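S.K.: With the hints as a guide, dock the two chains, each given alone in a separate frame, to form the complex.
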Amino acid sequence: MTLDTLPPLTRAEIVSVDWTALAPDEAKRLQALGLDAGARVAIAHRGVFGGKDPIAVLIGRMTVALRRVHARAMTVREL
Amino acid sequence: MSEADPATAPQAAAAPRVVALVGNPNAGKSALFNALTGARQKIANYPGVTVERKSGRVALPDGTTAELIDLPGSYALDASSPDEEVTANVVMGRFAGEAAPDTIVLVLDAGNLEQHLVFAQEIIALKRPTVVALNMVDMAERDGLALDPAALADALGVPVVPTVAVRRRGLAELTAAIAASAGQDMTLRHKVERLGLTERRVAAHAMAAGAILSESHARRLHARLDKVLLHPWAGPLILFALLFVIFQAVFAWATPFADALEGVVGWLIDLTVATVPAGFVQDFITQGVLSGVGSVVVFLPQIVILFAFILAMEQSGYMARAAFIMDRLMAYVGLSGRSFIPLLSSFACAIPGIMATRSIADPKDRLTTILIAPLMTCSARLPVYAVIIAAFIPATAVGPGIGLQGLVLFGLYVAGIVGAMLAALVLRRTVTKGAASGFIMEMPKYQWPPLGDLLLGLWQRAWIFLRRAGTIIFTVTVVLWLLLSFPKAGPGESQSEASIAGQIASGLEVIVEPIGFNHEIALSLIPAMAAREVAVASLATTYAVDAADEDAQAQALGPRLAADWSLATALAFLAWFVLAPQCLSTIAVARRETNGWKWPMVMMGYLFGLAYIFAGLTYWTAVALGLG
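Residue numbers (my numbering), protein chains in the order written: chain D, 1 to 79; chain X, 1 to 628.
Since the hints were made in silico from the structure, they are not lab data.
Only a predicted model underlies this, so the values are computations on that prediction, with no experimental measurement involved.
Treat the hints loosely; a few may be bogus.
Okay, derived cross-link-like pairs now, DSSO-like style, lysine-lysine, Cα gap no bigger than 27 Å in a straight line [as the list claims (entries may be wrong)]:
(1) X:Lys127 x X:Lys364
(2) X:Lys488 x D:Lys28
(3) D:Lys52 x D:Lys28
(4) D:Lys28 x X:Lys127
(5) X:Lys433 x X:Lys364
(6) X:Lys227 x D:Lys52
(7) X:Lys364 x D:Lys28
(8) X:Lys127 x X:Lys191
(9) X:Lys42 x D:Lys28
(10) D:Lys52 x X:Lys364
(11) X:Lys433 x X:Lys598
Extracted from the complex, chain X is given alone in its bound form (with noise of 0.2 Å):
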């Protein structure tokens, strides 16, 4: 981290003025930071700490544009989590390499004056430039509150805009407040000044009573909704059906999106070895380029359904009811209710999971989380998963409507919840030990999510995945092809045996032949360290490097699979999946989130040898049953 270079801070007249938005969590910030700045948002992390930067341009009226940084959603300047005192760092200029904002813009929830005027105070008295957005005013008036916009900026001593984003509402008079703000008169502002939280929370009773002109009591909306969903038997059930259409609909409503991009790729195959004359090119784009990347692609529909309901979840508040429901069985393996979010996204990718773990307060329970995130069963298990199964499990029925296919999957996925319940039980009563973590949240409104949002997030989450597969997936692809390929096999001799690769592997098959793994396992491996979905690609190059001829080489990976493997080398394979660390993106997250190398390495370490242990128990289990 370096010191703020003089030369970059915003006096200097090229620089644009930057704009922070700052306030309660829940005061629809993030809505009003996409209708001010649109799709034009860059996404980066602080130095040193892995809260996001969000950060976007804005154009203001008077013909100049500025840097539009959202913060994180705050309760005060006296943070309690990494989240909030990036906030705090940032709004009072304190931050190494971040300029203290030029402006800041306010954002308080209509609907709950009293709550937000407390840190509002807070903000105004650090004399800086401040705009107030008085936001969501069309849900104060749903729940039948008049506000009056001009007694609130009277007593704040500060411009008052009404605003609803989510409409892009009262966006022109915010943006010409902020161009007039440089020169605010801060006398105005003597009835802020107020020292302690008590003094400003009484402070707010007032203002908010002030500013409040009628007020009804009809019956709020959440209100009615929360008595369905919070309820202590008709909730949990809720939840447990909304996941279990959430995962059918992952598998089910995906398939024809994967099956859509497998024939462009197999389309792209084709057309490669129609016009690219035979050889090292021809190979090095079908067998390398094509096979290994577009084997991780073809998941995207899943990763995009996936996240299209956690945002959904998110933005309708929903989905601090279902941490509610979660908490106490998650205080059971000593967690609360906060890391049910982290976890959930967590059956997408283990990466955005780890990230949302700055939410959590508590240390412990955060590192905690960290720690189990990576056995939730993310997408990148799928197609090791998808391909394992048709190969081995036969596709007969248990039941009216289940397969033997789909309980097996469904069996992984239990595992994984099973195994990280179990992991966080021993983990708090050894490495992360500590008192049982508290469970104190905030319940937004409910809202219906804002469209526009909701594509916006999940366009943001398609880019990061198809970046990761852009570069990380296929640089290890083809350097695994690369390593397949070359010194080649002199004649009865395999290629992947002679290959460089091959001899790297015949060092590691030592270490998992006891656990029933073959050679092509031990070479798949080592490239799905990069990401697990590479394991299946690195199969399915080392067999086709492999095979004899044209014919043998179209043959599909499965049956080749089901020649090859016994289905007690097939059960190891898929217990090892459920357990290893196998991502080292992932690791490289934990490294940033936990500042340091020593609990990645906790983990890696936990994770491996409990898969080793359980691929093992499955392949001797196996074999004792006679399925060697």
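The shape of chain D in the complex, shown without the other chains (with noise of 0.2 Å):
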């Protein structure tokens, strides 16, 4: 399962990333933010107006935004 799928409050570990569907930029920018494989995350709000973008991801002790496009290259696994 990805992470644009896991359900809202439910902790989750990213067991892998793949970089080759994102922009180069922005994968560097999700890995300094510790998006990466073996982190810990969860899901605290997902889009606005009913719309499935963006993604509030809790991760550590950090709230980081994110598209689902972004979400959709990280696949999870639920702790």
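M.R.: So this is what it looks like as structure tokens:
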């Protein structure tokens, strides 16, 4: 399952990230924020007005906003 | 750009020690900078790039003073935005004209150690004298974290000082550590010599775990606030309500202050008339200086109020949430939530708005935002809108509590926003075509905006505005007044038409006549290139110079316009000002930000083109409806 389909407030671990699916600069930024294999994450909020973008991801003691296209590149497993 | 002169390098005995603040975004760096330097700050730009260079003096306990520079927040030395590139180049001593810092103060958020320690290791491995400021320890405690600074110092091999910048805690210890940083033992840093990001991340995890004495899972304040403020339905409603309050406040709260300022200007004019003998000097002071500059300075209260809200939104951490909520809407026109922040600033003034785009990593995104920023209704358009609306739109009510004048003003704001969104949509498919940009943004922790930092930021914005009024607007108004006053008209001739300015305007009139503009408007458009609000000042000056006698001179601008212009002309004039890029400072800042004339030319071309077409359409439609 990928991060974009993870139900809200469910704890999960990122198993792998398909970096080739992302723009190099965005991949760099996501890595800098710690969104990489092994990171433990949960989804705090998804979308505005019933849409599916953007997504607020909880990682460590941070909340990081990203788009569905980024979350789709991240394979996760529920903890 | 010149190479660094060796004589001014910090090695020279007389030069002060250079200390750089480095850290991740949201580490509380700016608050620490303000706490250390107080109001003794200098804001400039780095040569060649328009990243702000904030520097200030700080007294060290050994009796010397150091120059403290605040570098843009960064996640890594491998930069991915213009901001981060400056940080990396300055820290590594690669920035021409900027000496490498003698000491680095590494600012870490105590409540987010695991993340901040990744970049920290990269900096410490540079083997420059380094001191860690373990900042916001109070917020970490609030979140249930107890930390051991000594354990962290041991792991990193550099001194660690706990600080709370907003409460000025730990500053004496920090300056002492800076003063003692020169002869640090670099061998202590053996634990941070790792090369890859993954290795650094694993080490950061271990170091953070070693430094955390206890961690309770108390529900964090920011998670609770986010539950409401980022809620898919409640969040946008709260944001729109807040924006409504902001615009309401900008108009309602500013009025008494603006009236008071207007009173002061009027009093100065009366005083000049009473004390200075009638003639050239009196005319120069009253018509040229006081009417012109005074009509601009009265907008200071509105600018201060708008910036107070923007700064409070930024410092409290809410601005990032606003960007999150707006991301979906911005995505429709090919932008991201990041563009919302510069565009909101552009409602005060496009210049800080355009400068704020530097935090947008995607170059196409940033360029598009720069190109549409001038369409946001900046405060300089207000005087123009206010005068025309008061003169031509009847103050009737169209509904309970809704006046027609207010509705027209609101409509002009909406026209600017819609225009900007449509322009972005077209630009993203033509000249700034590229892959749809993403949106990746860390949401900072909520905090109460520190009042001192807020006031300091407001003072800096107000000062920039007043300096502009005192220099550019002053010069332009005076030059226009001189061009309007000479040569003197013969009997039966109109002064404004006989003058040098009048003859220039006659040339322009040929071009703008088809869209309903008269001679006086043509005359006002030229000086209004310096700043839009000058259009009002120059119309006032033109009619004052032409007035037959003292009584006519004293007549307010509004009634005179109402008598002289048709409604169709007035509406076309408004449409022109919604779109036209009548601001040399904006064009200059766009040139600096985009490193060349190409994009400012594109900006001017498309905006003047649109302004001409829409002013024309407005005029022809109004004439067809019998309003000509």
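S.K.: Which constraints among the numbered hints does this structure fail? Numbers only, ascending.
M.R.: The structure conflicts with hints 1, 2 and 9, although it agrees with all the remaining ones.
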